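**Q** The lines below spell out each chain.
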Amino acid sequence: MKLEELLATAEKILAPWTVGLTRFEGRRLDVVLKREGLVAAVAALADARWGYLSAITGLDLPWPKTPPKPEAPPTPPLEDQLEVLYHFVDGAAVVTLRLRVPYSDARVPSICGPVPTATLYERELHEMFGIEVEGTPVTDRLLLPDDWPDGVYPLRKSFKGLEAPSRT
Amino acid sequence: MHTEPTAAPRKFVVPIGPQHPALKEPGHFEITVDGEIVTAATARLGYVHRGIEKGVEGENWAQAMYMLERICGICSHVHATAYALGVEQLAGVQAPPRAQAIRELVAELERVHSHMLWLGVAAHEGGFDTLFMYSWRDREIIMDVLESLTGNRVNYSCNVLGGVKFDVDDAHADEIRRAIDILEPRTHHYLKVVTTEETLIGRTRGVGKMTQDEARRLGAVGPTARASGVPRDVRVDHPYAGYADFPVKMVTHTAGDLEAKFIVRIEELFESYRVIREILDHLPPGDIAVKVKPRLPAGEAISRVEAPRGELFYYLRSTGSTNPDRCKVRTPSLCNWASVLVTAPGHKLADVPMLIAGIDPCFSCNDRLVTVRRRGGDETWTWARLRQYGIEYYR
Chain R
1 MKLEELLATA
11 EKILAPWTVG
21 LTRFEGRRLD
31 VVLKREGLVA
41 AVAALADARW
51 GYLSAITGLD
61 LPWPKTPPKP
71 EAPPTPPLED
81 QLEVLYHFVD
91 GAAVVTLRLR
101 VPYSDARVPS
111 ICGPVPTATL
121 YERELHEMFG
131 IEVEGTPVTD
141 RLLLPDDWPD
151 GVYPLRKSFK
161 GLEAPSRT
Chain U
1 MHTEPTAAPR
11 KFVVPIGPQH
21 PALKEPGHFE
31 ITVDGEIVTA
41 ATARLGYVHR
51 GIEKGVEGEN
61 WAQAMYMLER
71 ICGICSHVHA
81 TAYALGVEQL
91 AGVQAPPRAQ
101 AIRELVAELE
111 RVHSHMLWLG
121 VAAHEGGFDT
131 LFMYSWRDRE
141 IIMDVLESLT
151 GNRVNYSCNV
161 LGGVKFDVDD
171 AHADEIRRAI
181 DILEPRTHHY
191 LKVVTTEETL
201 IGRTRGVGKM
211 TQDEARRLGA
221 VGPTARASGV
231 PRDVRVDHPY
241 AGYADFPVKM
251 VTHTAGDLEA
261 KFIVRIEELF
271 ESYRVIREIL
281 DHLPPGDIAV
291 KVKPRLPAGE
301 AISRVEAPRG
311 ELFYYLRSTG
321 STNPDRCKVR
331 TPSLCNWASV
341 LVTAPGHKLA
351 DVPMLIAGID
361 PCFSCNDRLV
371 TVRRRGGDET
381 WTWARLRQYG
391 IEYYR
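If you're matching them up, the sequences are chains R and U in order. Using my numbering, the letters of the first sequence correspond one by one to residues 1 to 168. Using my numbering, the letters of the second sequence correspond one by one to residues 1 to 395.
So here's chain U without its partners, still in its complex pose (with noise of 0.2 Å):
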């Protein structure tokens, strides 16, 4: 056997997606190697895009909330937040404080639990199922009080325009506290275990890195961009809801690896506590909501919050009627991605997985048609008859 010496390097390349075993969600990658090494990637998304967009301008401007809070079913609440606040810019009202400060109450639990969803992903991603294994029995505690508050563990349907749908009770604030007593220790524990533990050191420290310049020119967002210094929080830069009355401090950490994701999104797990408990403590009196008429005046509003994977973008145009003109939905992960197709090239093969789990991607945010996948073949369903489907399953 022999080599020709003067052949060209040979281009190979490795197809990941849309189905793979190590990622939960459908996103197609093409990464080229030489070797082990990865020179280039691309991404195609888009397999969960269901086209909510289109969907909300043929509804009402209340249906259109429940329609964009199911864009994801991981931070539900952010986009009805971020939402209900342009649909309150537009309308020129107001939610009254208790309302804002229970919007932020759920906005941190909800944090929480993606937060710790995250680390059982990465870590699961870096071969350590132990943790994996913990942090997503942790993070039951918090769905628990999600459920107990709201009635529900995903899309918990807190807001309403004007305001929010329930009150906390004193019952409601002991079992948060409760849980947030049991969540505190848990999780400086594994802060000391992603920090010193040797293998997930191995696979986390110096991985992914990215400097401070690379991280603004490519526009990350959220944790991904605090990890490499990067002090970008929505929170912090605009408060809105009742971040002005209960700030929230922004952790930001310089490495700039993965690592430092790690870091960032545990340290932003302590914050959310003491918040958490703050706003229990000083839950301002009064009225949980005010009307907002069918009809909003013509105008525009653009709404950012941060969600827990960062700055989400909200743009509504209304032209005085009873429907949404136009509802631009602008999600963290698509800014994050270009973050990963960057810093990949130059790493092993391996360590891809992780790199696309360290921006904590979520597929359903990026896409927004309804094709239902079935043995028969492909069928593209209209809304009416995915609302009758609905009925049916239910009756």
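Here chain R stands alone, though its shape is the one from the complex (with noise of 0.2 Å):
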């Protein structure tokens, strides 16, 4: 298939979850996703069997904490977010599936049922950035020691490295 009957696949396939859709460089597609919709709509890509998961990568979006200019008219804060990005692939054309989540709510789906490979995607991506997956089935460390500290997620932007070991 060439590379526009592709995305024009992928567009049709995923339209009943669309919220939002953007082609970038001829070659990409971004699609956005409700929470809801995101094992369905992973479904449909699986059974269609169009391209293969390539990665899952996890986004922190803290909202930037600059302090409020005295005249200008009260806004209600935005809340820091995170979100995460499905990448598929088919040949050269790239579908990514975007998702994003408040750190107050900060829990996704797990896609493992109609892919079962996302299974060490999703134990990084809950490592790194602290998004809990739902229904993923292994939970075990993947990356970090054994020792690491619960609660503490490295590529989140608050991280900052962690206190040096007393030396004894």
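What the hints contain is simulated information worked out from the structure, not anything from laboratory work. Note that the coordinates shown come from a computational prediction; the quantities given were computed from them, not determined experimentally. Quick reminder that beta carbons are idealized off the backbone N, C-alpha and C, glycines included. It is possible that part of the hints are untrue.
Stretch by stretch, here's where chain U covers chain R in the computed footprint (C-beta under 8 Å, at least three residues) [said to hold, decoys possible]:
1) 45-58
2) 87-97
Here are the computed lysine-lysine pairs in the DSSO-like style, where the Cα-Cα straight-line distance is at most 30 Å [claimed, not checked]:
3) LYS24(U) to LYS54(U)
4) LYS249(U) to LYS2(R)
5) LYS12(R) to LYS328(U)
6) LYS160(R) to LYS293(U)
7) LYS24(U) to LYS2(R)
8) LYS157(R) to LYS293(U)
9) LYS54(U) to LYS157(R)
10) LYS54(U) to LYS34(R)
11) LYS24(U) to LYS348(U)
12) LYS160(R) to LYS328(U)
13) LYS328(U) to LYS24(U)
14) LYS328(U) to LYS157(R)
15) LYS54(U) to LYS160(R)
16) LYS2(R) to LYS12(R)
17) LYS328(U) to LYS34(R)
18) LYS291(U) to LYS54(U)
Away from chain R, derived, C-beta distances all over 10 Å, residues of chain U [as the list claims (entries may be wrong)]:
19) LEU218
20) HIS282
21) GLU392
Bring the two chains, given one by one in their own frames, into a single complex with the hints.
**A** And the structure:
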């Protein structure tokens, strides 16, 4: 299939769950989804045998902490967010499913049902960003050391390193 | 002595690693066996996780490349290439054709050295140390070429943002041609050995078989996928760097066993030799680099290249500053683990090292904290301390 066809097919498959859509440089398609639609959308791609899951990227998007100007009208504070990108690849085409979750409700459903190989990526996502992946089959540590403190997520922007261990 | 006839079959777990004489890199596997037969397998990675993805967020766009290049000592060039191509996408510039051809040339030389390294390791895991020593001896020829071309045996540091750092002159070209002329007949010999040598065939033919459907479903990439007949090769699917001008043919095989993995990688060597000669004969004239501003426009870029082990995936995010906001690296070994863990059950325990070696795993690539293990116990070093240590060491 040609690149254009591939992207059009993916667009059509994902249409029922699409909230927002962007095309980039002719070979990339970004689809914004809601949490409820993720598993169904991934299952639809997998059923149609559209490419394969190439990677899951986590992003930390803390709301910039700039002091409010005194004369500016009061605005409701926006919440710190995390974003998860699911990159599917077929030939030259890359389809990215994007899902944003607030810090206060940092959970996404597991896609291991339709794509069993996502388990390693989901474990990495949980360890690095503290996003709870609901229903993922294995939650053991994958990359971080066994003595790594709980609740410390190294790829969050707020992480600036651990305290140096005291020397005895 | 008697056994309980009603006793349920007992599971026995054989831990392999993290330090294991058959694997030169740290990874921990728990292999559940029933007698000699593997019934389940799990992996624990991260023993060489260095936090590079976090590390680059503190470096500027140019510095980050040197750190990313050190993700892997075997395929360092593909990391730098994937990153440089991603940054060029963000910056909206394109490296000149000569630079792109040189990137491809070094990538293919790297593939030759990597595949020969794998051939040696895989032969060694199969108990065939003669082949291991011959292939590693021949690999030195390529290492010498890479050293004289780039100044380094590993971490060639060939890329800069916007092009490459050095040019290839006629003396280099002749040296590379001479090296390929020696290696080509040797490679024919290796292909004959792996397809006719009874002792090796006993360990490879029909072992670790993965069907095309399984390979697709498990998301295998690189030679692991191509040995099962899945045509996946970024060089062909989405030509980057010089691959549009100097295309390569995809090598696939249908058997899906370990022997097919040997054949695919060795046949890819011939394809690399051919394209290396072609690049040397038709190297486009012109500049080797364009300027890239230190501050990149806000945006996102996805860059994919074909590493010796398969598709290497980079995601870069810029917020318009001098530093990357996020740099995600997904290396091919991570994709291919699933294929080992799924194909291992049903095989003999003794086949496990071969199955693991079959995907050509690269642990440094999977794991990306700096923990220096010393006799006094564990210490976590800060970047500043490690840097200072390096400066003092080389003083």
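**Q** Does each hint hold? Answer for all of them.
**A** Against the structure, the hints come out as follows:
1. 45-58: holds (count 7)
2. 87-97: Satisfied; 6 residues make the cut.
3. LYS24(U) to LYS54(U): Roughly 26 Å between the alpha carbons, so the hint for LYS24(U) and LYS54(U) holds.
4. LYS249(U) to LYS2(R): holds, 18 Å
5. LYS12(R) to LYS328(U): holds, 28 Å
6. LYS160(R) to LYS293(U): Within the cut-off at roughly 28 Å; holds.
7. LYS24(U) to LYS2(R): violated, 42 Å
8. LYS157(R) to LYS293(U): holds, 25 Å
9. LYS54(U) to LYS157(R): holds, 9 Å
10. LYS54(U) to LYS34(R): holds, 28 Å
11. LYS24(U) to LYS348(U): holds, 21 Å
12. LYS160(R) to LYS328(U): Measuring from Cα to Cα gives roughly 18 Å; hence the hint holds.
13. LYS328(U) to LYS24(U): holds, 26 Å
14. LYS328(U) to LYS157(R): With a Cα-Cα distance of about 14 Å, the restraint between LYS328(U) and LYS157(R) holds, given a limit of 30 Å.
15. LYS54(U) to LYS160(R): Status holds; Cα separation ~10 Å.
16. LYS2(R) to LYS12(R): holds, 15 Å
17. LYS328(U) to LYS34(R): Holds: LYS328(U) and LYS34(R) sit about 23 Å apart, inside 30 Å.
18. LYS291(U) to LYS54(U): Distance of about 26 Å is within 30 Å: holds.
19. LEU218: Non-interface label fails for LEU218(U): nearest chain R Cβ at 6 Å, not farther than 10 Å.
20. HIS282: Nearest chain R Cβ is 24 Å from HIS282(U), so the label holds.
21. GLU392: Nearest chain R Cβ is 19 Å from GLU392(U), so the label holds.
Taken one by one, the earlier hints fail for this structure at numbers 7, 19, listed in ascending order.
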